[in-house]
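Protein chains in written order, with the numbering used here: chain A, 339 to 578; chain B, 339 to 578.
Watch out, some of these pointers could steer you wrong.
To be verified - With a straight-line Cα cutoff of 25 Å, these simulated DSS-like cross-link-like pairs (lysine-lysine) come out:
#: 1; chain 1: B; residue 1: K411; chain 2: A; residue 2: K518
#: 2; chain 1: A; residue 1: K467; chain 2: B; residue 2: K422
#: 3; chain 1: B; residue 1: K413; chain 2: B; residue 2: K523
What the hints assert, rightly or not - If you want the ones that stay clear, here's a sample from chain B, every Cβ over 12 Å from chain A, calculated:
#: 4; residue: S365
#: 5; residue: R399
#: 6; residue: L400
#: 7; residue: G423
#: 8; residue: K461
Just so you know, these hints were derived from the structure itself, not from any lab. The C-beta atom is built at its ideal place from N, Cα and C for all residues, glycine as well.
Number of protein chains: 2
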Amino acid sequence: MPRFFTHTITGDLAQIEGPDASHIALSLRMRHGEELTVCDGEGTDYPGTLEQITPELVTVRLSGSLPSPGEPKIKITLFQALCKGEKMDTIVQKAVELGTTEIVPLLTRRCVARPDQKGFEKKRQRYAKIALEAAKQCGRGIVPQVGELITLDNLLVRMEGFSQTFLFYEQAQRLLGSMKLDGIKKLAVIVGSEGGFDPGEAELLKQAGAQVLSLGSRILRCETAPLAALAAILCLSGEL
Amino acid sequence: MPRFFTHTITGDLAQIEGPDASHIALSLRMRHGEELTVCDGEGTDYPGTLEQITPELVTVRLSGSLPSPGEPKIKITLFQALCKGEKMDTIVQKAVELGTTEIVPLLTRRCVARPDQKGFEKKRQRYAKIALEAAKQCGRGIVPQVGELITLDNLLVRMEGFSQTFLFYEQAQRLLGSMKLDGIKKLAVIVGSEGGFDPGEAELLKQAGAQVLSLGSRILRCETAPLAALAAILCLSGEL
Numbered sequence: 339m340p341r342f343f344t345h346t347i348t349g350d351l352a353q354i355e356g357p358d359a360s361h362i363a364l365s366l367r368m369r370h371g372e373e374l375t376v377c378d379g380e381g382t383d384y385p386g387t388l389e390q391i392t393p394e395l396v397t398v399r400l401s402g403s404l405p406s407p408g409e410p411k412i413k414i415t416l417f418q419a420l421c422k423g424e425k426m427d428t429i430v431q432k433a434v435e436l437g438t439t440e441i442v443p444l445l446t447r448r449c450v451a452r453p454d455q456k457g458f459e460k461k462r463q464r465y466a467k468i469a470l471e472a473a474k475q476c477g478r479g480i481v482p483q484v485g486e487l488i489t490l491d492n493l494l495v496r497m498e499g500f501s502q503t504f505l506f507y508e509q510a511q512r513l514l515g516s517m518k519l520d521g522i523k524k525l526a527v528i529v530g531s532e533g534g535f536d537p538g539e540a541e542l543l544k545q546a547g548a549q550v551l552s553l554g555s556r557i558l559r560c561e562t563a564p565l566a567a568l569a570a571i572l573c574l575s576g577e578l
Numbered sequence: 339m340p341r342f343f344t345h346t347i348t349g350d351l352a353q354i355e356g357p358d359a360s361h362i363a364l365s366l367r368m369r370h371g372e373e374l375t376v377c378d379g380e381g382t383d384y385p386g387t388l389e390q391i392t393p394e395l396v397t398v399r400l401s402g403s404l405p406s407p408g409e410p411k412i413k414i415t416l417f418q419a420l421c422k423g424e425k426m427d428t429i430v431q432k433a434v435e436l437g438t439t440e441i442v443p444l445l446t447r448r449c450v451a452r453p454d455q456k457g458f459e460k461k462r463q464r465y466a467k468i469a470l471e472a473a474k475q476c477g478r479g480i481v482p483q484v485g486e487l488i489t490l491d492n493l494l495v496r497m498e499g500f501s502q503t504f505l506f507y508e509q510a511q512r513l514l515g516s517m518k519l520d521g522i523k524k525l526a527v528i529v530g531s532e533g534g535f536d537p538g539e540a541e542l543l544k545q546a547g548a549q550v551l552s553l554g555s556r557i558l559r560c561e562t563a564p565l566a567a568l569a570a571i572l573c574l575s576g577e578l
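Bound conformation, chain A alone (with noise of 0.2 Å):
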C-alpha cells in the first residue's frame, strides 16, 4: 500500500501537500476511495482512503493508528567520522535503511574531508534529502535527521545522554558480536574515516565510558564499516 510521511494531521484528516500530491494525482493516478497510508514522522502510522485529489493538495480519512512497522525500538545514533567524496552520501542512505534513528557527523584529526560551515551546509542540506527519500523508500515511521558537523570535545558530552556508547577502532580486540544488548534503548555508534582515530581520541572516548570494539579482523572501508556495524547491532537487539 502507498505510504507518506504529513505533518498535516487534524482529528482523522490528514493533508499531503507538495511533490507527494502530484505523485499520488499524476503519477499514481489514485482516485476517491482508494487506500492508503499516512505517517506522521513521528513513528506512527494511520491507514486511511483518499477523499479529496488534486496534484496540489490529497486530503485523506484515516481509519486508525498503529506505531510504525518500520521503527526498530533500539534508538540508534550513528556518530560518523566526515569521509571523502559520495561515501558519506551513501552511509547516510544505507544508515536510514537499516534503522539508524539520527546521523551525527563528525570531525576528527584525520578526516581528509574539511569542510568549513558554509561547505558543510550545503553537503548537509544533500544528506537529508538522502536521509528522507531513503526514509521513505524503506518504510521508516521517521524521517532520521542529520545533525550538525560536530567536534570530539561536542561527541563528548552527548555521550552522556546514552544507555551505552559503541566505539569502532581498528586496534580493539573485543568483538561487537560479544556484547549483549537486551535493555539498551538508546545507543551511540561512533565510526572513524577513512584513517580511522588517532590513539589519543580513542583513549579519550574510551576514557569517556565508550565500549572500544573490533568488526573483525578484515580491515573494512570506512562506507563499509558504519553498515556491517548497524547491521550486527540491529541483529544483536532482534530487529533483523
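Dock chain B against the given chain A, drawing on the hints supplied.
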C-alpha cells in the same frame, strides 16, 4: 606491513611478478631486507623479507607461515540474483570485504538484468577484478571467486553441498538473528534482485531445505540486503 598475493612459492622463496612487482619496486620503493607478507591465495600467509627487487620480478625469502588472519572460519557462498547497473559491483566488493568465500550470480524470474552469455562473461571479468582488489585491500587470505551465472535449477542442485542454506525473502517471518550458527562450516546465502523472489521460487527453495528468513521490517534495497545479511551472519558466527 605490505601484503601481496602470489601463486609462485617454492620452498622458502616466493616470487611476485606483474603490477605488484612494479608497485613494490617503483611506487613503494621497497629495498632489500624490508619485511612484507606474501599470501598464497589459499588461506596461508608467509612473512618474509625482500631479496631481489626489479619492476618485473620481486623475490621474497620466507621466514614462516600462518593461517591468514583475515579468513573467517565459516565458508559462505553468496548466491545473489543479478541486480541492475552498478549494484552488483558494490555487492561483490562489500561481500569480499565482509568475508564471503564465493559469489555466484543467479538468474531468477524477477531479474531485470538478463545478459546473454557473452554479455555476462564481460561483467564477470569486471566482478573478478573487483573481488581481487577488495581481497587485497581488506587482507583476505583467498581471492573469492565470482562464479558463472546460474539458474534456480542449478542452485537447487548446488544447495546439497552446504550444511545449511538461508533464503532471504520479504514475506518471511523468522528473523535471521534467531538462527544459531554454531558448527555450520559451509553456508549458502540466497538474496534476491530488485523484485525479490516470486512465491513459486521461494517455495521450491524452501522444499529443497532452505531456511526462509527475514531481514526485519524495513525494506532494504537490493544492494543493501546482502551486505546486511552477511554482516549479521559474520556477527552471529563470532567473526565480527
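Structure-based check of each hint:
Proximity of K411/B to K518/A is assessed by CA-CA distance (about 22 Å); at most 25 Å being required, the pair is judged to hold. With a CA separation close to 23 Å, the supplied pair K467/A and K422/B stays within the 25 Å bound. Using a Cα cut-off of 25 Å, the hinted pair K413/B and K523/B holds, with the two alpha carbons roughly 6 Å apart. For S365/B, the condition that its CB be more than 12 Å from all CB atoms of chain A holds, with the nearest at approximately 19 Å.
With a least beta-carbon separation of about 26 Å from chain A, R399/B lies farther than 12 Å from that chain, consistent with its non-interface assignment. The claim that L400/B is not at the interface with chain A holds, since no C-beta of that chain comes within 12 Å of its own (minimum 21 Å). Every C-beta of chain A lies more than 12 Å from that of G423/B, the closest at about 15 Å, which supports listing it as non-interface. With a closest Cβ-Cβ approach of about 22 Å to chain A, K461/B is found to remain outside the 12 Å limit, as its non-interface label requires.
Of the hints listed earlier, there is not a single one the structure fails to meet.
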